[in-house]
Amino acid sequence: MLDVKNLRITFGNQIAVDGIDFSIEQGGSLAIVGESGSGKSVTALSILGLLPNNARVSGEILFEEYNISTLSSAQMQQLRGKKIAIVFQEPMTSLNPVFSIGEQIMETLLAHENLTRQEAKQKTLLALEEVGIPKERFKSYPHEFSGGMRQRVVIAIALACTPDLLIADEPTTALDASTSLQIIELLNQLQRNRNMAIIFITHDLCLVPSIAEHVCVMRSGKIVEKGKTSTVLEKPTHPYTTALTACVPSIYKKYKRLPTI
Amino acid sequence: MDKKNPLLEIRDLKITFPPKKSPVFAVRGVSLSIERGKTLGIVGQSGSGKSTLARAVMQLVQPTKGEILFDGISIGTQSIKKRMQMVFQDPGGSLNPYAKVRSIISEPLLVHKIAKGVELQNRVTTLLQQVGLQEGDGEKYPHEFSGGQKQRIAIARAIALKPELLVCDEPTSALDVSVQAKILNLLSDLRDELDLTILFISHDLAVVHHFCDHVALMHEGKIVEQGPVEDVIHNPNHCVTKELMAACQGRSLNSSDSPSCML
Numbered sequence: 001m002l003d004v005k006n007l008r009i010t011f012g013n014q015i016a017v018d019g020i021d022f023s024i025e026q027g028g029s030l031a032i033v034g035e036s037g038s039g040k041s042v043t044a045l046s047i048l049g050l051l052p053n054n055a056r057v058s059g060e061i062l063f064e065e066y067n068i069s070t071l072s073s074a075q076m077q078q079l080r081g082k083k084i085a086i087v088f089q090e091p092m093t094s095l096n097p098v099f100s101i102g103e104q105i106m107e108t109l110l111a112h113e114n115l116t117r118q119e120a121k122q123k124t125l126l127a128l129e130e131v132g133i134p135k136e137r138f139k140s141y142p143h144e145f146s147g148g149m150r151q152r153v154v155i156a157i158a159l160a161c162t163p164d165l166l167i168a169d170e171p172t173t174a175l176d177a178s179t180s181l182q183i184i185e186l187l188n189q190l191q192r193n194r195n196m197a198i199i200f201i202t203h204d205l206c207l208v209p210s211i212a213e214h215v216c217v218m219r220s221g222k223i224v225e226k227g228k229t230s231t232v233l234e235k236p237t238h239p240y241t242t243a244l245t246a247c248v249p250s251i252y253k254k255y256k257r258l259p260t261i
Numbered sequence: 262m263d264k265k266n267p268l269l270e271i272r273d274l275k276i277t278f279p280p281k282k283s284p285v286f287a288v289r290g291v292s293l294s295i296e297r298g299k300t301l302g303i304v305g306q307s308g309s310g311k312s313t314l315a316r317a318v319m320q321l322v323q324p325t326k327g328e329i330l331f332d333g334i335s336i337g338t339q340s341i342k343k344r345m346q347m348v349f350q351d352p353g354g355s356l357n358p359y360a361k362v363r364s365i366i367s368e369p370l371l372v373h374k375i376a377k378g379v380e381l382q383n384r385v386t387t388l389l390q391q392v393g394l395q396e397g398d399g400e401k402y403p404h405e406f407s408g409g410q411k412q413r414i415a416i417a418r419a420i421a422l423k424p425e426l427l428v429c430d431e432p433t434s435a436l437d438v439s440v441q442a443k444i445l446n447l448l449s450d451l452r453d454e455l456d457l458t459i460l461f462i463s464h465d466l467a468v469v470h471h472f473c474d475h476v477a478l479m480h481e482g483k484i485v486e487q488g489p490v491e492d493v494i495h496n497p498n499h500c501v502t503k504e505l506m507a508a509c510q511g512r513s514l515n516s517s518d519s520p521s522c523m524l
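Note that the protein sequences, when read in sequence, are chains A and B. Per this note's numbering, the first sequence starts with residue 1, numbered consecutively. Per this note's numbering, the second sequence starts with residue 262, numbered consecutively.
Hints in this document: simulated from the structure, not taken from any laboratory. Check the hints yourself; a few may be wrong.
[Stated by the list, open to error] 25 angstroms max Cα-Cα, derived BS3-like pairs, lysine-lysine: (1) B:K299 with A:K254; (2) A:K254 with B:K503; (3) A:K254 with A:K228; (4) B:K282 with A:K139; (5) A:K253 with B:K299; (6) B:K282 with A:K256; (7) B:K282 with A:K253.
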């Protein structure tokens with residue numbers, strides 16, 4: 001359903017993504033893992049057509065019947081939020097502080113679907129329920145929520161128009177350890193219920209088994225290893241993959257120093 | 262000074278935030294102590310009061326009740342201030358974007374009138390090297406650095422006064438796992454080199470297990486469990502500890518059990 005072929009993204013002389021290929025099928029889940037600067041977020045933004053103007057993109061991004069690299073910005077706007085949605089890392093900055101969360105979910109629905117305000121409100125209440133926020137919070141503002149609850153609001157906005165593909169760009173990095181597991185559990189459950197495809201971007205390889213069947217490990221703009229999550233994690237073939245798992249502190253083993261990359 | 266005496270002692274600390282109609286009880290009676298040269302981890306979820314506690318130690322928040330003793334003396338006197346320093350969570354937000362790195366690191370030395378002129382410049386250069394940066398990095402601005410490097414600058418500023426106590430409030434939470442490993446290694450090298458006592462705030466029990474000698478778990482403003490880190494992890498008593506353990510197991514590749522209880 002999404003097929004990325006020989007994608008290359010450059011900013012001036014800087015090569016951010018250097019010829020990568022990956023694909024994901026309907027209802028599938030793929031994790032893209034790498035350190036900061038490896039090109040994983042730029043890859044996500046390119047699928048949504050959200051790259052800044054100075055970025056030069058070559059290669060193909062095929063999504064369902066569309067060729068994303070050739071779409072105009074108006075056509076892209078119709079696709080974004082409707083067919084492909086994104087959840088960003090920082091739930092505070094991706095929400096508008098001066099509108100109630102209910103308004104913000106309705107905005108997406110009204111922009112993409114032919115609904116009256118009343119119908120949109122009904123759908124919004126359902127969306128809130130689905131992500132585990134009580135209906136009474138419809139009129140609450142972002143600052144009245146904790147980080148985890150805000151991320152639920154962002155997920156509700158992303159899923160309001162039942163997209164076929166959800167891109168989650170480090171959705172749990174700004175959250176504490178136990179909240180982050182709840183959000184992952186929520187994403188898993190929503191993905192199963194809706195048969196939606198999900199691309200999960202993270203720097204933490206240890207989170208991957210709980211969310212994705214397939215994984216791509218990125219380093220300096222290239223995919224150094226990809227495959228089924230269980231295979232890649234049990235028998236990593238690239239030393240970089242091994243290093244990424246080894247540098248995470250564990251509650252089972254204690255080192256004098258942590259191995260670094 | 263007897264090594265057994267605690268460097269930091271907190272006695273029945275209570276911190277309440279204003280709104281008179283519905284006051285927020287952020288810290289509700291916390292007592293703890295850290296021996297000289299030891300590292301104490303404070304672990305808890307967001308909102309448990311761990312950062313407020315750290316801020317009270319640094320006198321950034323006024324306690325409502327209770328006392329904090331540093332080396333046997335009540336905190337608040339100027340001479341004590343320079344013996345404790347802090348590293349914050351967000352390395353971008355804790356550095357002045359308009360100041361060059363050299364001037365950021367010089368500031369505590371100037372404020373406390375410790376060095377000036379050539380001596381000041383030499384000390385800043387040594388500090389830059391101590392945290393793994395280059396001498397030339399002093400002439401750059403914070404935005405020219407990555408998150409991990411910014412945290413190195415914040416650490417250089419914190420150790421400039423050769424403090425005895427370092428308070429680290431989630432120093433690696435905003436960083437990638439690979440950068441986190443490097444910063445934790447840097448902190449543990451500096452701990453040995455400078456004989457630091459560290460109060461380390463985190464939400465990640467695995468990081469605390471790696472880095473700390475003792476751990477105290479906070480929940481809703483109270484300490485619910487504390488002890489040597491190995492004891493607490495191998496034999497957790499309180500349900501909050503178990504929940505945080507589960508959160509680590511969920512992220513661990515070595516474990517076959519899946520998290521059993523969720524919040």
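Hint-by-hint comparison with the structure:
1. For the hint pairing K299 of chain B with K254 of chain A, the CA-to-CA distance comes to about 17 angstroms; that is within 25 angstroms, so the pair holds.
2. For the given pair, K254 of chain A sits about 19 angstroms from K503 of chain B by alpha-carbon distance, which is consistent with the 25 angstroms threshold.
3. Proximity of K254 of chain A to K228 of chain A is assessed by CA-CA distance (about 29 angstroms); at most 25 angstroms being required, the pair is judged violated.
4. Between K282 of chain B and K139 of chain A the CA atoms are separated by roughly 23 angstroms; this keeps the pair inside 25 angstroms, and the hint holds.
5. For the hint linking K253 of chain A to K299 of chain B, the alpha-carbon distance of about 20 angstroms falls within 25 angstroms, and the restraint holds.
6. Of the supplied pair hints, the one linking K282 of chain B and K256 of chain A is violated, its CA atoms being roughly 50 angstroms apart against a limit of 25 angstroms.
7. Note on K282 of chain B and K253 of chain A: the hinted pairing is violated, with a Cα-Cα distance of about 48 angstroms set against a maximum of 25 angstroms.
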